[in-house]
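Asker: Sequence:
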Amino acid sequence: LRREGYTVQVNVNDYLDIYCPHYNTSVPEGRMEQYILYMVSLDGYQTCDITHGSKRWECNRPRAPHSPIKFSEKFQRYSAFSLGYEFHAGHEYYYICESPLP
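In the UniProt record's numbering, the protein residues as written are 1 to 102.
Heads up, a few of these hints could be off.
[To be verified] Below, computed lysine to aspartate or glutamate pairings styled on DMTMM-like, alpha-carbon distance capped at 25 Å:
| # | residue 1 | residue 2 |
| --- | --- | --- |
| 1 | 74 | 58 |
| 2 | 55 | 29 |
| 3 | 55 | 33 |
| 4 | 74 | 92 |
| 5 | 55 | 43 |
If you're looking for bench data, these hints aren't it; they were derived computationally from the structure.
The task is simple: from the sequences and hints, build the whole structure.
Answerer: And the structure:
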């Protein structure tokens, strides 16, 4: 766990690509990393609490055929999709993840 976190600065209309972990068949299933990524408030980020967060992506196919699964977040002011997010210049947004495995 990194105490200082990881920061990426983006502008409106930029994309952030997230690549899920990807493994070949020689890696035992118990050693494959999987996670669920959430968008949370600053408080949720600081306390590592997803309770009031929104699930953004689920990386649960570590042996996806051909290549890793990629999710893209577009930082746009308006979204045409009902589940899309609208981002505003100068605001900070926070993501954390949890493992679905015990």
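Asker: Assess, step by step, whether the Cα of residue 55 is no farther than 25 Å from the Cα of residue 43, and give holds or violated.
Answerer: holds (16 Å)
Asker: Could you grab the alpha-carbon distance between residue 74 and residue 92 and see if it respects the 25 Å cut-off?
Answerer: Roughly 14 Å between the alpha carbons, so the hint for residue 74 and residue 92 holds.
Asker: Check whether the Cα positions of residue 55 and residue 29 lie no farther apart than 25 Å.
Answerer: At roughly 24 Å apart (the allowed maximum being 25 Å), residue 29 and residue 55 satisfy the hint.
Asker: When you check the alpha-carbon spacing of residue 74 and residue 58, does it fall within 25 Å?
Answerer: Given pair residue 74, residue 58 holds - Cα atoms ~17 Å apart, limit 25 Å.
Asker: Between residue 55 and residue 33, does the CA-CA distance stay at or below 25 Å?
Answerer: holds (18 Å)
Taken one by one, the earlier hints all hold for this structure without exception.
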